[in-house]
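Make a model of the complete structure from these sequences and hints.
Protein chains in written order, with our numbering: chain A, 1 to 334; chain B, 1 to 334; chain C, 1 to 334; chain D, 1 to 334.
Each hint should be verified, as a subset may be incorrect.
[To be verified] Result set (DSBU-like, lysine-lysine): computed pairs, CA atoms no more than 35 Å apart in a straight line:
1. K198/D to K13/C
2. K22/B to K22/C
3. K131/A to K27/B
4. K323/B to K143/B
5. K131/A to K143/A
6. K324/A to K13/B
Calculated directly from the structure, the hints in this document are not laboratory data.
Nothing here was measured: the structure is a model prediction, and the numbers come from that model.
Here are the chains, one letter per residue:
4 protein chains.
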Amino acid sequence: MIVVLKNGVGQEKRDQLIDWLKEQGLKVHISQGEYQTVLGLVGDTTRVDMDLIGSLGIVDSVKRVSEPFKCCNRKFHPEDTVVQVGNVKIGGGNFCLMAGPCSVESEEQIVAVAKAVKASGADMLRGGAFKPRTSPYDFAGLKARGLEFLKIARQETGLPIVTEIMSIVDLPLFEDVDVLQVGARNMQNFDLLRELGKTSKPILLKRGLANTLKELLMSAEYIMASGNEQVILCERGIRTFDDYTRNTLDLAAVPMLHELTHLPVIVDPSHATGINRLVSPMALAAAACGADGLIIEVHNDPIHALCDGAQSLRPEQFDGLAKKIRAVREVALA
Amino acid sequence: MIVVLKNGVGQEKRDQLIDWLKEQGLKVHISQGEYQTVLGLVGDTTRVDMDLIGSLGIVDSVKRVSEPFKCCNRKFHPEDTVVQVGNVKIGGGNFCLMAGPCSVESEEQIVAVAKAVKASGADMLRGGAFKPRTSPYDFAGLKARGLEFLKIARQETGLPIVTEIMSIVDLPLFEDVDVLQVGARNMQNFDLLRELGKTSKPILLKRGLANTLKELLMSAEYIMASGNEQVILCERGIRTFDDYTRNTLDLAAVPMLHELTHLPVIVDPSHATGINRLVSPMALAAAACGADGLIIEVHNDPIHALCDGAQSLRPEQFDGLAKKIRAVREVALA
Amino acid sequence: MIVVLKNGVGQEKRDQLIDWLKEQGLKVHISQGEYQTVLGLVGDTTRVDMDLIGSLGIVDSVKRVSEPFKCCNRKFHPEDTVVQVGNVKIGGGNFCLMAGPCSVESEEQIVAVAKAVKASGADMLRGGAFKPRTSPYDFAGLKARGLEFLKIARQETGLPIVTEIMSIVDLPLFEDVDVLQVGARNMQNFDLLRELGKTSKPILLKRGLANTLKELLMSAEYIMASGNEQVILCERGIRTFDDYTRNTLDLAAVPMLHELTHLPVIVDPSHATGINRLVSPMALAAAACGADGLIIEVHNDPIHALCDGAQSLRPEQFDGLAKKIRAVREVALA
Amino acid sequence: MIVVLKNGVGQEKRDQLIDWLKEQGLKVHISQGEYQTVLGLVGDTTRVDMDLIGSLGIVDSVKRVSEPFKCCNRKFHPEDTVVQVGNVKIGGGNFCLMAGPCSVESEEQIVAVAKAVKASGADMLRGGAFKPRTSPYDFAGLKARGLEFLKIARQETGLPIVTEIMSIVDLPLFEDVDVLQVGARNMQNFDLLRELGKTSKPILLKRGLANTLKELLMSAEYIMASGNEQVILCERGIRTFDDYTRNTLDLAAVPMLHELTHLPVIVDPSHATGINRLVSPMALAAAACGADGLIIEVHNDPIHALCDGAQSLRPEQFDGLAKKIRAVREVALA
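If you want it as C-alpha cells, here you go:
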C-alpha cells in the first residue's frame with residue numbers, strides 16, 4: 001500500500017502517522033520526492049482501512065498495490081478451481097451449459113423444458129422459484145412449490161439444478177438443491193454470503209448491476225473466508241446509459257477475471273441483453289472469449305411461443321445454439 | 001401504456017395480442033400511423049409485465065405513460081407525508097438534522113458525540129452498529145452491543161436514534177430503535193423491505209449505488225404496500241466514472257423526487273463524497289435545493305481528530321455547519 | 001411520437017398545443033386514458049423538437065415511437081451496405097481485418113508492420129498520423145509526414161490505409177488516404193461530420209466514450225445526409241465505473257446495430273481494453289457475434305517488444321490470432 | 001509515479017526497465033515488498049506515458065502520485081485566478097451571473113431578453129448562434145447573423161456576451177465576442193483548444209458528458225499551455241443511467257475543482273437537468289456550494305411562454321431567482 005502525503009506536511013504529524021501505521025504491524029518505507037513524500041507499507045495490508053487513511057488531513061492519496069482478496073486470488077492459488085456437481089464439472093477446461101426457464105411455472109412446464117434442454121446437451125437445469133422483482137405487484141415465484149417441481153425435473157432427467165436463494169431464512173428449503181444462486185441484487189448482501197459460506201454447496205455468484213470486478217471478488221471472498229471454496233462467478237451485464245439493451249454485457253470481464261482469480265467464470269446472455277434475438281450472438285461471443293459456462297433462458301410456454309417471447313429462447317432455437325457454442329469454443333481455445 | 005407494433009405485422013397476430021391484452025382487463029385503443037401501429041392500453045397497467053410485452057416478436061417497443069408506483073405517488077396523494085419520531089418531524093416543511101459517528105465504537109464515544117451534536121442542534125442521532133463492509137476482513141460493527149450504547153446515548157440526550165438493519169433475522173434486536181435504516185446495498189433486498197413494511201417503525205431508505213429514482217420509489221412501494229407508510233427517502237450518491245469523489249451526489253434527485261412522491265427526502269453528504277472537506281458545501285447545497293433533512297457523520301475520536309480524519313466532521317466543524325444549514329434553508333425556501 | 005399530457009390540463013391549453021402541432025404538419029390522434037390524455041403524432045416527426053415539447057408545462061412526457069434517423073435506418077433500406085475500398089469489401093458478408101501500429105513512428109516501422117500484417121492476412125493497414133491526446137504534453141503524431149509514410153507502406157504492400165482525421169482544416173492532406181477515421185472524441189464534432197459527408201471517401205466512425213447507439217447512428221446520419229453513404233461504424237468501448245479495463249467493450253452493440261442499420265459494424269478490441277492480453281479473446285468474441293471487421297493494433301517496436309508492451313500485439317501474436325478469427329467467424333455464422 | 005512490478009520478475013528485466021526510466025531523466029527508488037517490488041519515480045513525470053509503462057509485461061500497475069496538469073494546478077499557483085471581461089470579474093470571490101436564451105432567434109428576441117436579464121442583475125448575456133445538434137435535421141443556429149444580433153444586444157445593454165464556437169474555421173467571426181464557449185461535445189477537440197489558447201479571449205470550457213475532472217483540467221491545460229490563462233470551467237451535468245433528468249449535475253465537482261485548480265468554476269443548471277422546474281433549486285444549490293457563477297437559460301418567446309416551455313426560465317422567474325442566488329451565496333459563504 002502506498003500513502004502519498006500532502007505538500008508541506010510537518011515532521012511531527014508525519015511521524016505520528018508512521019508510528020500509528022507501525023502499531024498496525026506494518027513496515028513503512030519512506031521515499032522523499034521533489035514535491036511529495038511517499039510511504040510504502042509492507043506487510044498484511046488486507047485489514048488496513050484504506051478509506052480511513054485516505055481521508056486523513058495530511059494524506060493526499062492512498063493506493064493499493066496488492067489486491068485485498070486472498071482466498072480467490074490466483075497469485076496464491078495458480079491452478080484453476082474445478083467446481084463439481086455430480087458428474088458435471090465447471091472450470092479448469094470443463095465447460096458447463098445451464099439452461100431452463102426464467103420462472104418455474106408448473107410441473108409440466110419445468111419437466112418439459114428440462115427434457116428439451118437435456119436433449120440439446122445442457123449440463124444443468126436452471127429455473128427461478130424465488131424471484132426478485134422490482135415491483136411488489138409482480139409475480140414473485142412459486143417459492144417452495146417451485147423447488148419441488150425443480151426436483152421432479154431433476155429426477156426425470158438427471159440434470160443437477162441451480163436456482164436463486166434470496167434470504168437466509170429460506171436456507172432449509174434449499175437443502176436438496178445442487179447449486180445455490182446469489183442474484184445480482186444480493187451480491188453485496190453480506191449476511192447471506194457469510195451464511196452460504198458455511199454450507200458445502202456450490203454457489204453461483206452473479207455480479208451486481210454496478211459492481212466492479214474487485215467487489216465481485218470480495219463477495220466471493222466472503223463465501224470462501226467462511227469455509228466454502230466452491231464458488232462460480234457469473235457476468236450478467238452492468239448498468240450503463242445505453243438504451244437499446246437492458247444492460248451492457250461486459251465480456252472482457254471473462255479473461256480479466258481469469259487473470260485475477262482461479263474460480264470458474266460463466267456468462268448469462270439472457271438477463272444481460274433482455275432481448276432474445278441477442279442471446280445467441282452473445283452466447284457465442286462468451287464461448288469465444290473463454291467463458292467456463294453459460295446460463296441461458298429457454299421456455300416452452302405457449303403464450304411466449306406464440307409471440308416469440310421475451311428474452312427466452314424456444315427449445316429448437318436453443319438446440320441449434322448449443323451445438324454452435326461448443327464448436328466455437330473448440331475453435332477459439334484451440 | 002403504449003405498445004408500438006413492428007412494421008408489417010399481420011392482422012391475425014395483431015388481433016391475438018389485442019385479445020390477450022383485453023383478457024388482462026385492459027382497454028386497447030388502436031392508432032394507425034404511417035409506418036407503425038400503436039396500441040394505447042388503458043386501465044390498471046401496474047401489474048402488466050412490460051418486459052414480457054416488449055420482447056414479443058411483433059412488438060417494436062413498449063413505453064409506460066403512467067408510473068408503476070401507487071402508494072408513494074404524489075398524483076394520488078398530493079399532500080406531503082410528515083414522518084414523526086417522538087417530537088421530531090420530517091417532511092411537509094419540517095427539516096431534520098441527523099448526526100453521529102459512522103460506527104458506534106464505545107459507550108463513551110457515542111454518548112459524547114450525541115451530547116455534542118445535540119448541543120449543535122441535531123434532531124436525531126445516527127450511528128452504525130451493524131456495518132455492511134465490502135471486505136470480510138473489515139470491522140463489521142459492535143452489533144447488539146452497539147445498539148445498547150445507542151440507547152444509552154438516547155437516554156442521556158433525548159435524541160431519537162436511527163441505525164442500519166441488514167437482515168430480517170436481526171429484527172427483534174431493533175425493537176427499541178426509533179428509525180430503521182436500509183442501506184444502499186440492501187435497497188433491493190425485497191424480503192427485507194417486505195418485512196419492514198410489516199413493522200410500524202419509520203424506515204430510512206437509502207438509494208442504491210446504481211438505482212434509478214423509479215427503482216427507489218418501487219422499493220418504497222414494497223414497504224408501503226406491506227402496510228407501513230412511514231418512509232423517508234435518502235439520496236447518498238450514485239456510482240459514475242468519476243475518480244476524485246467516492247460517488248456522485250445527485251442533488252437534482254431532491255426536487256425531482258418531491259415532484260414524484262409525497263415522501264420526505266433527505267441527503268447524506270458524508271457517504272456521497274467520502275471526503276470531509278466536501279461535506280459542508282454539499283450539505284449547504286442540499287439545504288438550498290429543498291432537502292427535508294440531512295444525515296451527517298460526526299466523530300470525536302482522537303485518532304481521527306489528530307489527523308482531521310475520514311469523511312467525518314469534528315463536533316466543532318459540525319457546530320458551525322448546523323447553523324449555516326438552517327440559515328441557507330431559510331433564505332432558499334423564502 | 002407520443003405526447004402524454006399532465007393530469008387536469010384544461011381544454012383550452014390542450015387545444016392550443018394540438019393546433020400548434022398541426023401547424024408543424026402533423027396529424028394528431030387523441031386518446032383519453034383514465035388518468036391521462038395521450039396524443040399520438042403521425043407524419044414526419046424527424047424534425048420535431050422532442051426536448052421542447054417534453055418540457056412544456058402541460059406535458060408529462062414525450063416518447064418517440066420511430067427512430068429519428070432515416071438514411072442509415074434498416075427499415076427504409078433492408079439490404080446490407082457494402083463499403084468497397086479497392087478490392088476490399090466490408091459488410092454484407094464481407095469481413096475486413098485492419099491492423100497496424102497505434103502511431104506511425106517512421107518509414108521503416110510502418111513498412112515493416114504493414115508487410116507483417118499483410119503476410120498474416122490483414123486487408124487494410126491502420127496507423128495514426130494525427131493523434132488526439134488527453135495531455136498537451138504527449139506525442140501528437142508525425143502529422144503530414146506520417147501520412148506520407150503510410151502511403152509508402154501502401155505502395156509496398158498494396159494494403160489500403162485507414163487513418164484518423166481530427167480537423168476539417170487538415171482535409172486537403174488526406175486526399176490520397178483510402179478510409180478516413182473519425183475518433184471517439186470527435187463523434188459529435190458535427191462540423192467535421194458534415195464536411196466528411198461532402199467527400200466521396202469511406203468514413204470509419206468510432207462510437208464516442210459515452211454515446212448511445214442512437215447518437216452513433218445520428219452522427220452517421222450527418223455524414224449520409226450530406227451525401228456520403230460509405231460509412232463504417234466502429235464499437236470501441238464505453239466508459240463505465242469499471243477499473244480493471246480501460247473501457248467496457250459493448251459487444252451487444254454489434255447485433256443490435258445490425259438490426260437498426262444496414263451499415264457495416266466493426267470492433268476495436270485494442271482501444272476498448274487497453275491491455276494486450278485481452279485483445280485476442282475480445283477479437284474472437286467480436287468475430288463470434290457477427291462483426292463485419294476488426295481493427296487491431298500491431299507493432300514491431302523493439303522497446304515495446306522487449307517488454308511485451310502496451311495494448312498492441314506483436315506480429316507473431318497477430319499471426320496466430322488472424323487465423324483463429326476467420327475460423328471462429330466461419331463456425332459462428334455457419 | 002509508482003510502478004508496481006509483477007511477482008517473480010527477473011533481475012535482468014527489472015534492470016532494463018530501470019535503465020530505460022533513468023534515460024527519461026527520472027530518479028528511481030526501489031522498494032522491495034513481501035510480494036512485490038515497487039519503483040518510485042521522481043522528477044518531471046508529466047511527460048511519462050503511463051499507459052505504455054502500465055502495459056509492459058513485467059508491470060502489474062502504474063499509479064500517478066502527482067497530477068499531470070501544471071498550469072492550472074493550484075499546487076503551483078495557490079491564489080485564485082480572476083477572469084475579467086470589461087468590468088465583470090469571475091473568480092476570487094467575484095460571482096458572475098450569465099443569462100440568456102438557448103438560441104439567438106432574432107434581433108428583437110435577444111435584445112428583449114438582454115434587457116430583461118440585465119434588469120434582474122445578470123452580469124453577462126449568453127445566446128447560441130452556432131448550435132451543436134445531435135440530429136442533422138435540427139435547427140443549427142443563425143450563425144454569423146446570430147453573432148451580429150448578440151452584439152446589438154450588447155450595445156443596447158452594456159452586457160458582455162458569451163457564445164459557443166464549434167470550429168476553428170469560424171474563429172474570425174468571433175473576433176468581437178467577449179467570451180468564447182467550448183461546448184461539452186468539443187471538450188476534447190484538441191485542435192480547437194490549442195487554437196483558442198493562441199487568442200487572448202476568456203474561454204468558458206464546459207465539462208464533457210462523460211469526462212472526469214482530470215480530463216477537464218487537461219483540456220484547460222491545452223488552452224493554457226498555448227498561452228491563454230483566462231479559462232473558466234463549467235460543470236453542466238454528466239451522463240448516468242438516470243432517466244428522470246437529462247443529465248446528473250455533479251455539484252461536488254465545484255468544491256473539488258476549487259481544491260485542484262485556481263481557475264473559476266461556474267455551473268449550468270439548465271442543460272444539466274433539461275427541466276425548467278429544476279433550474280431554480282439547482283441554481284441555489286450551486287450558489288450554496290461555492291460556484292463562482294451560473295449560466296442560466298432565459299427566454300421570452302411567446303410559444304414557450306404560453307406553455308411554460310423547455311428548460312428555460314421566463315424573465316419574471318429569473319428575476320426572483322437572481323435575488324435568491326445572491327442571498328444564498330451570502331449566507332453560505334459567510
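Status of the hints after comparison with the structure:
{"no.": "1", "hint": "K198/D to K13/C", "result": "violated (52 Å)"}
{"no.": "2", "hint": "K22/B to K22/C", "result": "holds (32 Å)"}
{"no.": "3", "hint": "K131/A to K27/B", "result": "holds (29 Å)"}
{"no.": "4", "hint": "K323/B to K143/B", "result": "holds (33 Å)"}
{"no.": "5", "hint": "K131/A to K143/A", "result": "holds (8 Å)"}
{"no.": "6", "hint": "K324/A to K13/B", "result": "holds (31 Å)"}
Against the hints set out earlier in the document, a violation occurs for number 1 only.
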